[in-house]
Amino acid sequence: MSKREDYVNDELFQPAHISSEKSETIAGPSLSFWKDAWMRLKKNKSAIIGCIILLALTILAIFGPMMNDFGFDDQKLTRANLPAKVPGIEKLGIMDGTDDMGNDMYDMKNVEEGTYFWFGTDGLGRDLWTRVWQGTRISLYIALLAAAIDMVIGVAYGGISAYYGGRVDNVLQRIVEVLVGIPNLVVVILMILVLDPGIISITVALTITGWIGMSRIVRGQILKLKGQEFVLASRTLGSSDNKIISKHLIPNVMGVIIINTMFTIPAAIFFEAFLSFIGLGLQPPLASLGTLIEEGYRNMQIFPHMMIYPSIIISLVMIAFNVVADGLRDALDPKMRE
Amino acid sequence: MEHILEVKNLHVSFDTFVGEVQAVRGVDIKLNKGETLAIVGESGSGKSVTSKSIMRLIPNPPGRIKEGQILFQGKDLAQYSERQMQKIRGSEISMIFQDPMTSLNPTMTVGKQIMEGLRIHQKMSKSQATARALELLKLVGIPNAEARLKQYPHQFSGGMRQRVVIAIALACNPKILIADEPTTALDVTIQAQILDLMKDLQDKTGTAIILITHDLGVVANAAQRVAVMYGGQIVETGTVDEIFYKPKHPYTWGLLASMPKLGASDTDLIAIPGSPPDLSDPPKGCPFAARCPHAMKVCVDHMPDATEVSGTHKAACWLLDERAPKVEKPVEASVGGAR
Amino acid sequence: MKGYILKRVLYMFITLFLIASATFFLMKIMPGTPLSNAAKLTAEQEAIILEKYGLNDPVPVQYVKYMANLAVGDLGISFQYDGRNVTSLIMSRIGPSAQLGLQSMIFGSIFGILLGIISAIRYNTIWDYGATFVAVIGKSIPSFVFAALLQYYVGVKLQWFPVAFWEGWEYSVMPTIALAVFVVAVSARFTRTEMLEVMSQDFITTARAKGVSGFAVVFKHGIRNAMIPLITILGPLAVGLMTGTLVVEKIFAVPGLGEQFVRSITTNDYPVIMGTTLFFSFFLILVILIVDILYGVIDPRIRLAGGKD
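Protein chains in written order, with our numbering: chain A, 1 to 338; chain B, 1 to 339; chain C, 1 to 309.
The reader is advised that the hints may include incorrect statements.
[Unchecked claim] Here are the simulated lysine-lysine pairs, DSSO-like style, with alpha carbons at most 30 Å apart:
| hint | chain 1 | residue 1 | chain 2 | residue 2 |
| --- | --- | --- | --- | --- |
| 1 | B | Lys126 | C | Lys220 |
| 2 | A | Lys224 | A | Lys247 |
| 3 | B | Lys150 | A | Lys43 |
| 4 | C | Lys7 | A | Lys224 |
| 5 | A | Lys45 | C | Lys7 |
| 6 | C | Lys7 | A | Lys226 |
| 7 | B | Lys175 | C | Lys220 |
| 8 | B | Lys204 | B | Lys138 |
| 9 | C | Lys220 | B | Lys150 |
| 10 | A | Lys35 | A | Lys45 |
| 11 | B | Lys123 | C | Lys139 |
| 12 | C | Lys7 | A | Lys43 |
| 13 | A | Lys42 | C | Lys139 |
| 14 | C | Lys139 | B | Lys112 |
| 15 | B | Lys138 | B | Lys175 |
| 16 | A | Lys224 | C | Lys2 |
| 17 | B | Lys33 | B | Lys199 |
| 18 | A | Lys226 | A | Lys45 |
| 19 | C | Lys139 | B | Lys138 |
| 20 | C | Lys7 | B | Lys87 |
| 21 | B | Lys246 | B | Lys87 |
| 22 | C | Lys2 | B | Lys150 |
| 23 | B | Lys87 | B | Lys112 |
[Stated by the list, open to error] Some, not all, of what chain B presents toward chain A, calculated at C-beta under 7 Å:
| hint | residue |
| --- | --- |
| 24 | Arg83 |
| 25 | Pro293 |
| 26 | Met296 |
| 27 | Val298 |
| 28 | Lys326 |
[To be verified] Partner residues aside, some chain A positions facing chain C, computed with beta carbon under 8 Å:
| hint | residue |
| --- | --- |
| 29 | Phe33 |
| 30 | Trp34 |
| 31 | Ala37 |
| 32 | Trp38 |
| 33 | Gly181 |
| 34 | Val186 |
| 35 | Ile278 |
| 36 | Leu280 |
| 37 | Pro284 |
| 38 | Ile314 |
| 39 | Val323 |
In short, the hints are calculated from the structure, not lab data. Quick reminder that beta carbons are idealized off the backbone N, C-alpha and C, glycines included.
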């Protein structure tokens, strides 16, 4: 103890008054559910990249078709089947208006000097850049609409089922049990056959059974929450039903609703494109990403550019939505909270 | 006396997103052959981390042994490679865990789980291992052992499962058994049975036991020596008698006072106010200072050294300094329930 | 358990009955008869054909007849293939589809599970990120986009495998890969999650404390427990594969059920559409039923022992 005596003097052996409150403070700021989720999402690099891609694609879907002078159904057979040509990039040897053989198609077709089709043209000479973004717009529109309808029906159905419980729940759930057995694919195809393809009919076909997943998740979540102790605690403390619903149920159910909706959107985009590909898509001159891919596929062996650009865009849309949905799930899932 | 295990100045940290959490800060432990040492402390005191560090079972990352030695029969386990450790685990040092419901593999028969260690360490043939497993099941008091061998863990009750866990741990006659809260998850009646079993087996095999617990009642019955842990450090060690009847550290007083006693009314139960220190930002001085009723100015900034009270009894508290005011153990604690 | 299975089988039949009825009436609403595709016919010929397809009866009679035939597995007669029985048409088309489905299921899940395991044991390393990236890509890119690009680059450009048709095992390579991508993605993600969950459980620590080596811990204790819940993704996988076969068979001109279905849609061959729809529904419902029962059989062990649900 000799060394210690140098700095530990007698004076230090006086009672200290340490406030015990200091040790009781909670480390770290207390965060609301949404703030906390946002913090998590911000840390997820791939989700942020996904968000940025999604934003960029949305902006292009809205403004892309206006970025040049070609209309989405301006046909001109003299400029049909042109590969992509982009100012600047053309010097790199890609997207320079040449075909596989290296022939400059723009020259061969006597297209005016200085004309650029950024994604090339299709068999009728329509500008693919305009058509691709127009198609993205329609695909996104169908998907968002379908997801929104799924959400409304699903939340209402699941909510009613869980809230009223008892016989109502029993009847509603028996119906779901039968419906859930029907493969989505079958329903969608049959509906399109009956309804004739169009934006509304495709949306309707997608939502016919699409809401079931949402309703089950919402019902499950509400039932789980109803039995949980914090709700019971709140009730014993005298909270009204409205308060319990708005303060406890909705914030906790919102998470799963958002996550599920985020996964519905890419699924709807996929189904729309899928229907188009098997010949049940939108009718010309309307185009969605799916119909563009189908059209491109038919010409792929000779004019691959018609297939490749819409394929890249749909893949980007799907990847971005999936990544963001994954990120949201990780951010919102209370199980992952430390 | 010969030390079979000697932990010297062990520091273990976890790198988390709030920074480095210093879970264990300079722990010294000596374990004698064939004895039972209890490590007592509340949750977060570092007792489990200490025991897992001895087995080198701290997941790395995020955990790491920052410094210190873990001398087992004179060799430093802290320097061992993973492969060398595999030879030690289960054969020389074994461990049993808190929750018997989750510490057995649900898709493997109980027999196979007991035999696994035997086949690895003692290179037994299948029939030898089966025979030994049968013997072990009988040893830990499981009736109808032949049939039980082929059953899956879900067919056993909690207490029976903990017996199986003990059988697994003792399969290769280890020199040290680390029991991490072995009875916490069990019913009170089963707790006593398991403790008796461990004591009984210790008498037969001479295995040294490190018993990790937060329950002083368990300690009194099962251990010869006690180490009290707080804030990642050992604040007091001594024999069971010394800790129960002549405790020197205010935290130990608090622990004893907060123990329920037979014949005392509910109001006599005394809690220690406050909560343990945040080990991501540990206090400079004594970790208990913030909750200590006798804290002095010196406690806040200076860590007390371990002061020898007797040959077997040490405590790290400034109150033991001759300059400190004389503070005696409060009366309530002296009633001491156990023994 | 018996009661549960009975209940499920009952629901299965109700669902099938509903699908069959809905399909029947939907088809009745739709325009087109077997005559739409034929050239000019005399009134007499028309009458004969309508009689042949039973289209002269009132709709309720047709419905009862249809359901009665269905009960004995008779799906009616194709409009397109001059009087060919739909049931035998479907049967003749199952082979290639089943082969593609099984091949992609087996290879896809083996590869996916391996990827998932690597991801989990190399958690948060470049391996994990790489595998996760592959899984996201595989789940996101539509099967027909992938199949078309595969056909163009590997088939047409590199000429490694035949571009289309069905004349030997090498013809099945590209369609199998195109279908398997989805299986790989789904099983890799699922395995990763399950493995991470299992590897964090207490019994893994017990095994390590026994001195079991890292490799053996992963394989003997980890994977076996992680694999059981994998049964649950068989249902979604079957659905995904079935969706995939429609487009992939179309792209690679495989004479399977999917290709037939797409063709019948474009030619308005209603009996074939109905028959295939019912067959698909029956198959999927059966798969999901089997999966649920299988899981129910294994479940108690997990529910009781595996830990918290």
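Each hint, compared with the structure:
1. Lys126/B with Lys220/C: Satisfied, since the Cα-Cα distance of roughly 17 Å is no more than 30 Å.
2. Lys224/A with Lys247/A: Cα-Cα ~16 Å, so holds.
3. Lys150/B with Lys43/A: violated, 48 Å
4. Lys7/C with Lys224/A: holds, 25 Å
5. Lys45/A with Lys7/C: It is violated: about 47 Å lies between the C-alpha atoms, which goes past 30 Å.
6. Lys7/C with Lys226/A: holds, 28 Å
7. Lys175/B with Lys220/C: holds, 27 Å
8. Lys204/B with Lys138/B: At roughly 14 Å apart (the allowed maximum being 30 Å), Lys138/B and Lys204/B satisfy the hint.
9. Lys220/C with Lys150/B: Holds, at about 17 Å.
10. Lys35/A with Lys45/A: holds, 17 Å
11. Lys123/B with Lys139/C: Violated, at about 46 Å.
12. Lys7/C with Lys43/A: violated, 47 Å
13. Lys42/A with Lys139/C: holds, 23 Å
14. Lys139/C with Lys112/B: violated, 39 Å
15. Lys138/B with Lys175/B: holds, 21 Å
16. Lys224/A with Lys2/C: holds, 28 Å
17. Lys33/B with Lys199/B: Satisfied, since the Cα-Cα distance of roughly 14 Å is no more than 30 Å.
18. Lys226/A with Lys45/A: violated, 35 Å
19. Lys139/C with Lys138/B: Violated, because 53 Å separates the two Cα atoms, which is more than 30 Å.
20. Lys7/C with Lys87/B: violated, 53 Å
21. Lys246/B with Lys87/B: violated, 41 Å
22. Lys2/C with Lys150/B: holds, 26 Å
23. Lys87/B with Lys112/B: With a Cα-Cα distance of about 19 Å, the restraint between Lys87/B and Lys112/B holds, given a limit of 30 Å.
24. Arg83: Arg83/B check fails; min Cβ-Cβ to chain A is 33 Å, beyond 7 Å.
25. Pro293: violated, 9 Å
26. Met296: holds, 5 Å
27. Val298: This interface hint holds because 4 Å falls under the 7 Å limit.
28. Lys326: At about 11 Å, which exceeds the 7 Å cut-off, the nearest Cβ of chain A leaves the hint on Lys326/B violated.
29. Phe33: violated, 23 Å
30. Trp34: Hint violated; Trp34/A Cβ to chain C Cβ min 25 Å, cut 8 Å.
31. Ala37: violated, 20 Å
32. Trp38: violated, 22 Å
33. Gly181: Since chain C brings a Cβ to about 4 Å from Gly181/A, closer than 8 Å, the hint holds.
34. Val186: holds, 5 Å
35. Ile278: OK, holds: Ile278/A within 8 Å of chain C, min 5 Å.
36. Leu280: Leu280/A check passes; min Cβ-Cβ to chain C is 7 Å, inside 8 Å.
37. Pro284: Violated. Min distance 16 Å.
38. Ile314: holds, 6 Å
39. Val323: With Cβ-Cβ at 6 Å, under 8 Å, it holds.
Hint violations for this structure: numbers 3, 5, 11, 12, 14, 18, 19, 20, 21, 24, 25, 28, 29, 30, 31, 32 and 37, all remaining hints satisfied.
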